[in-house]
Every structure is written in C-alpha cells, then in structure tokens.
Amino acid sequence: MAFMTLENIAVCYDKKKQILKGLNLEVEKGELVSLLGPSGCGKTTTLRVVAGFIDPQEGTFRLDGDDLTKVPVHKRNFGLVFQSYALFPHLSVYDNVAFGLKMRKMGKDEIDRKVKDILEVCGLTDLADRFPQQMSGGQRQRVALARALVIEPKLLLLDEPLSNLDAKLRVNMRVEIKRIQKKLGITTLFVTHDQEECFSISDKVAVMNQGVIEQYDSPENIYRHPKTEFVARFIGFENFLDLKKSGDVYQTADGKVFAVETPHEEAALTGTIRPEDIEIDREGRTANVLEGTVGVRTFLGKSYQYEVSTSAGKFMVNMRAEDQFQEGDPIRLYLPANKLILVSR
Amino acid sequence: MAGLEVPCGETLGRHKVNGEVEMKKSSAFIMVVPGLVILAVCLFLPLLRVIVPTFSDGEYPFSAYISFFQDEYYMTIFFRTVKIALITTAVCMIGGVPTAYFISRCSKKWRGILLAVSIFPMMTNSVIRSFAWINILGSNGIVNRFLMAVGLADKPVKLLYTEFAIIIGSVYLFLPLMIVTVSGVMENIGDDMMEAAQSLGANRLIAFMKVIFPMSLPGIIVGGILVFTGTLTAYTTPQLLGGNTNMVMATFIYQRAMAVGDWNGAAVISLIMIVVTLIVIKGFNALANRLDRRGESNG
Ligand SMILES: Nc1ncnc2c1ncn2[C@@H]1O[C@H](COP(=O)(O)OP(=O)(O)O)[C@@H](O)[C@H]1O
Ligand SMILES: [Mg+2]
Numbered sequence: 001m002a003f004m005t006l007e008n009i010a011v012c013y014d015k016k017k018q019i020l021k022g023l024n025l026e027v028e029k030g031e032l033v034s035l036l037g038p039s040g041c042g043k044t045t046t047l048r049v050v051a052g053f054i055d056p057q058e059g060t061f062r063l064d065g066d067d068l069t070k071v072p073v074h075k076r077n078f079g080l081v082f083q084s085y086a087l088f089p090h091l092s093v094y095d096n097v098a099f100g101l102k103m104r105k106m107g108k109d110e111i112d113r114k115v116k117d118i119l120e121v122c123g124l125t126d127l128a129d130r131f132p133q134q135m136s137g138g139q140r141q142r143v144a145l146a147r148a149l150v151i152e153p154k155l156l157l158l159d160e161p162l163s164n165l166d167a168k169l170r171v172n173m174r175v176e177i178k179r180i181q182k183k184l185g186i187t188t189l190f191v192t193h194d195q196e197e198c199f200s201i202s203d204k205v206a207v208m209n210q211g212v213i214e215q216y217d218s219p220e221n222i223y224r225h226p227k228t229e230f231v232a233r234f235i236g237f238e239n240f241l242d243l244k245k246s247g248d249v250y251q252t253a254d255g256k257v258f259a260v261e262t263p264h265e266e267a268a269l270t271g272t273i274r275p276e277d278i279e280i281d282r283e284g285r286t287a288n289v290l291e292g293t294v295g296v297r298t299f300l301g302k303s304y305q306y307e308v309s310t311s312a313g314k315f316m317v318n319m320r321a322e323d324q325f326q327e328g329d330p331i332r333l334y335l336p337a338n339k340l341i342l343v344s345r
Numbered sequence: 001m002a003g004l005e006v007p008c009g010e011t012l013g014r015h016k017v018n019g020e021v022e023m024k025k026s027s028a029f030i031m032v033v034p035g036l037v038i039l040a041v042c043l044f045l046p047l048l049r050v051i052v053p054t055f056s057d058g059e060y061p062f063s064a065y066i067s068f069f070q071d072e073y074y075m076t077i078f079f080r081t082v083k084i085a086l087i088t089t090a091v092c093m094i095g096g097v098p099t100a101y102f103i104s105r106c107s108k109k110w111r112g113i114l115l116a117v118s119i120f121p122m123m124t125n126s127v128i129r130s131f132a133w134i135n136i137l138g139s140n141g142i143v144n145r146f147l148m149a150v151g152l153a154d155k156p157v158k159l160l161y162t163e164f165a166i167i168i169g170s171v172y173l174f175l176p177l178m179i180v181t182v183s184g185v186m187e188n189i190g191d192d193m194m195e196a197a198q199s200l201g202a203n204r205l206i207a208f209m210k211v212i213f214p215m216s217l218p219g220i221i222v223g224g225i226l227v228f229t230g231t232l233t234a235y236t237t238p239q240l241l242g243g244n245t246n247m248v249m250a251t252f253i254y255q256r257a258m259a260v261g262d263w264n265g266a267a268v269i270s271l272i273m274i275v276v277t278l279i280v281i282k283g284f285n286a287l288a289n290r291l292d293r294r295g296e297s298n299g
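Heads up: the protein sequence lines correspond to chains A and B, in order.
The numbers in the working numbering rise by one with no breaks, and the one at position 333 of the first sequence is 333.
The numbers in the working numbering rise by one with no breaks, and the one at position 298 of the second sequence is 298.
Keep in mind that the hints were calculated from the coordinates and are not lab data.
The reader is advised that the hints may include incorrect statements.
Said to hold, decoys possible - Output of the computed footprint for chain A on chain B, the stretches with three or more beta carbons under 8 Å from beta carbons of chain A:
#, segment
1, 166 to 177
2, 185 to 198
As the list claims (entries may be wrong) - Derived lysine-lysine pairs resembling DSSO-like cross-links, with alpha carbons at most 27 Å apart:
#, chain 1, residue 1, chain 2, residue 2
3, A, Lys114, B, Lys108
4, A, Lys105, B, Lys210
5, A, Lys168, A, Lys183
6, A, Lys154, B, Lys108
7, B, Lys83, A, Lys70
8, A, Lys116, B, Lys210
9, A, Lys29, A, Lys15
10, A, Lys16, B, Lys108
We treat Cβ as the ideally placed atom computed from N, Cα and C, and that holds for glycine.
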C-alpha cells in the first residue's frame, strides 16, 4: 500500500453543498505531489483533511498503514506552510523555528542544534534574531518552511506557498523548495492553482475539479495526454472541437475528417490542440484541415496569436513573426495527427 | 491616561503616518492649538487650582502628604482601594480574556450579538446596577435565601457591605470593558495562528497561552489599565455595596470634602490617586515591553 492514502473522502461544510465528493489519492514515500485546480475546487479542503483541521464526513486517511482520520492536529506531526505564512509576530525567527521543538519538550542544546541546522539549510542563519515584520516575503516564506521542517514531520503540507511572492522570487523559491524537499526526502503535498509552478516542482500532479481528482499522473503525462476536456483546458489547451468516431477516423458535425495518433475508446469526444501546434496548410490536404477566416491578432513576443473563425468554432493559432496575416484573410489550418489529442467531454 | 503606550499599535500607527502626505510642522501645530487650549482650561487649570494649595498646607511643603502616609486609618483605606482594584483587574482578565477570544472566533453576526449582550450592563445606570447587587447579596437576598434553603447556612451570611461585594460590583461594572477591548484586538488575529501552533504540536490550550495570549497582550494591557483606573476611581459602586465600614479612596474623598469640609485633605488624596494610577500604567507598560520585545531594533 502507498505511504499516504486518502480513501473516498467526503466533506461538506453545510448540508446544501458537498465540497469533496469521494476523493481518492495515493502518495508514495518521498514524493512531492501537487494538487492542481482552479480556485474553489477543494484543494485547501483536501489539505486540511490531511492536516486534521477538518473531520471528513466519510472516508479514511492513512499514513504508513495507520488510520489517522480521527487523530487531532497536534498529534499528527505534520509540517504546515500556510499561504499567509502564519509566523508568530511576537517571536523572533529563532523562536518561531524553535516553537515546535519546545512543544516536544526537547533539551535546550538539542533545540539549539536543530534550529541552527535548519536555519542553515534554509539560508536564514543571519536572520535568526529578526522578527517576522522586519523581513521580506521571500524571507518569511523560508522561515515558515524552516519552522515546518525542523520538527522532522512525516508529511509536509504546503498551501499555495508561493502565491504571495513576486514572479521572479516565485521561481527561485520553488527550486529552493524542491531542493530542500529532495535533500530531506520528505513526502510533500503541494497545493497550487498555477500549472507551470506545479509541473516544474512535482513528481506527480493531481488535477482537481469540483471535489474530485480528474487525473493523477506525472507532469509529463498530464502535459502530453490530458484525459478530460477540463484537464486540457487547465493546462493550456485552448482549441476544442467536437468529434464522433467513424471507423478509424473521427468526424466533425459537418463531415470534416480527422486522423489521430492515439485513438480513444469513446464514440463522442473532444479533440484538442495547443495554439502553437497548429500549422498552415499550403498543400491542399483533405484530412485534418479546418478552413477559416483570420480575426484579431495579438503579439506574444516570440510569435503572434491569431483568432481564427472556423466552422467548428473559434481557434487560437500561434504563428512565427514571418507568417503575417491580415484580418479577414482566408486561412487553412492543419491539425497534425500527432498533436491532435482526444479527451473525454 | 497620558502615559498610555500601546506597544503593538505602534507599527500600525507608523504605517498610517507613512501613507499620508507629511504636513508642514507649523500648520500641524496650529491644528493642535485648540485641543491644547481646551485641555489646559478644562483639565490642568482646575487640577492645579486644587493641587497647588496642598503643598503649602502644614509646616513644610509635603507635610500634608507625609501625614497621610503616617495615618493608619488612611493607609487602611489606601491599601484596600489598591487591593480591590488589583483583584478586580485580575478577575476581569481571567474572565474576560477567554470570553473575548470566544467572541472573536464567532461569525460576524454572532460577534455583534454577543458584544451587544456583554456591553448591555454598561448601558444601565450605575446606581440601578448597584441596587441590583444589593438585592442579590443582601441578608434577605437571593444568594442568602438559596444558601439557607439548601442548608449551607443557618443564618444570613454577610455578603453585602464587604470588600467582596465591592469587587463583585466592580467586576460586573468593568468586565464588559475588558471583553470589548480584548476582543477588538483578538479579532485581528487570524485562525492561522492557532492552526500553525497546533500543527507544531500544541494543543488548543497551550496554543492559546503561547501564541494568542502574547499576541493580544497590548489589548489586555489597555483593558487592564481601563479596569484598574476605573475601579480605583469608581464612587457609586463602593458607596452602595461597601457601606461606611469599607471606605475606599473615592468615597473617602467625597466624605472629606462634603461631610468634613476638608477640601485640602480631599485634594491630597486625589493627587495620591493620580500618582498611583500613573505608576500602575507605567508598570503595566513595562510588563508589556518585557513580555513583548518584537521589533525592538526596528528603525
Ligand atoms: N469554512 C468554510 N465554510 C463553508 N464553505 C467553505 C469553507 N471553506 C471553504 N468553503 C467552500 O468550499 C469550496 C472549496 O474551498 P477550498 O478548499 O478552499 O478551495 P481551493 O483551496 O481549491 O480554492 C469553496 O466553494 C469554498 O467556498
Ligand atoms: Mg485554497
């Protein structure tokens, strides 16, 4: 059995609305798993079930084979990093980090050694005497991390830990978190709504939608083979067309034929493709082509993005700067079979 | 309450100032003048008018004060007053702080209701309030009737006209002040503080003592000062619930001035009370600063 398991977890805050609907998740020891999903899908709720702040109406949470569903928060020994950092403002960095060790009634010398070690790992040695309000966001973030790690937790739980940092610091910190996590080999749950952040840091990603996990896989597999339209949309696919299976190929409602590399067992599904994977057809192909009219153009730096109206709806197409089109130009879009992906509706 | 410094409010204040356009010193001074004039005329002038003569009373400058501290009867009243004020403050803290925390954790709607309920006693007249306690504590009051009914006492226990009665009355009077002040500070402490402490291995009680309590200390200190000075200077409650045998400074001043006509004696006691109040406020602040050193080196 996996190191950490959530089995069939159900949570509702009030009777009307169920937030988690039978959620299942398995995490192996030492893995960093991300919960990815739009705001309000239940990521924080899931994390709070694991942390012990929420008693789920149904389901079991196991760690290392033990059922911890009813164990109170302070006996779980998990490290938590809050979105707000939640540093104690009346304590110095040193005392913030030492707090958890004092709760464990450790000797003064042992506390001192452990605090200094973790401050070193997190690059905080020089800031030990500062108070939280005297530090920058990135520094506070590190203190929060150090405070959670010093107790040598069985699980590390991070709830959107980087969302309060500016873009550049965010990238640095996520590398930092990954480095420390691998160094200490600590099993980690990481909540985020940022797909880039999540892909860069995770061993596995659980994409959540409305209280269930829609897909759980490695970042690479999710990026290349999203299973559902929701997952595809969330990780950057912008173009969707309804397809029906007919023999070996797939057809749109108006009879256009599309071949794909990876077939799908369902009969009615959605084909999707990233804006940068669409090409221009100049050879007059008959399959995998959509005819349309060029619409608004936006400049993306490396490329231009065009909005193209087709019989199957609006398509976003990225093209290099040398291929210039004017609004109103007719255009033939080629959707290569190896880039056109089929997902469930 | 000139010496009142709130250690935590300091940072708050600084942010506020930073956000505003700095005013020219002269125009700022002009805006302060009306306030200063009103203060001078209404506060310092009468005070000086009363206090100054006390120093020329007797053979040498401080003889009025020295003889106060040498008089055993005066000292009994002095220490009784301070004792009652300290006990009342302590009881209000012990009862008020957890209540305030509870209220601060309620939803917005319940918070409003509970605060209104706790302020309610403050909105009734203090004479009426004291009469209510006379009704409860008197020899024919509810408490005594209950004690005799269940057989815990065979004749009425003397509850009214004791220091105990004054303390009860004062706690009732000032507890709302404590609750309102402290819950106001606690409202601004996020749930994440308690949760972070719990995740680090503290149960709720320890988390409260180690995190919530020190974080709300500024509010508790302010509440403590309000309760202490309030109790120290309260007149109606000790007059009605303490009777003539349990005189406190405020009732004593009144007796000196009105019954005996010793205005100078009354003024002496007044100044002593002011000094005691200032010392206690200083003490509270010193305590707060010792317990809360955060941001000390912050420029
Ligand atoms: N304490 C609460 N009481 C009632 N509803 C809540 C509470 N916390 C969260 N919710 C609701 O539960 C849903 C999921 O919330 P959350 O788990 O915080 O989502 P996420 O972290 O993915 O943004 C949201 O619709 C939110 O409004
Ligand atoms: Mg959240």
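Going through the hints against the structure:
Under the rule that three or more residues need a Cβ within less than 8 Å of chain A, the assignment of the segment 166 to 177 of chain B is violated, with 0 such residues. Requiring three or more residues with a Cβ within less than 8 Å of a Cβ of chain A, the coverage given for the segment 185 to 198 of chain B holds, as 7 such residues are present. At most 27 Å may separate the alpha-carbon atoms for a hinted pair to count; Lys114 (chain A) and Lys108 (chain B) exceed this at roughly 42 Å. Taking the CA atoms of Lys105 (chain A) and Lys210 (chain B), the gap is about 14 Å. The hint holds against a cut of 27 Å.
With a C-alpha separation of about 23 Å, the suggested pairing of Lys168 (chain A) with Lys183 (chain A) holds against the 27 Å cut-off. Note on Lys154 (chain A) and Lys108 (chain B): the hinted pairing is violated, with a Cα-Cα distance of about 36 Å set against a maximum of 27 Å. For the hint pairing Lys83 (chain B) with Lys70 (chain A), the CA-to-CA distance comes to about 48 Å; that exceeds 27 Å, so the pair is violated. With a CA separation close to 22 Å, the supplied pair Lys116 (chain A) and Lys210 (chain B) stays within the 27 Å bound.
Between Lys29 (chain A) and Lys15 (chain A) the alpha-carbon distance is near 35 Å, which puts this suggested pair outside the 27 Å criterion. Restraint check for Lys16 (chain A) and Lys108 (chain B): satisfied, since their Cα atoms lie roughly 21 Å apart, inside the 27 Å limit.
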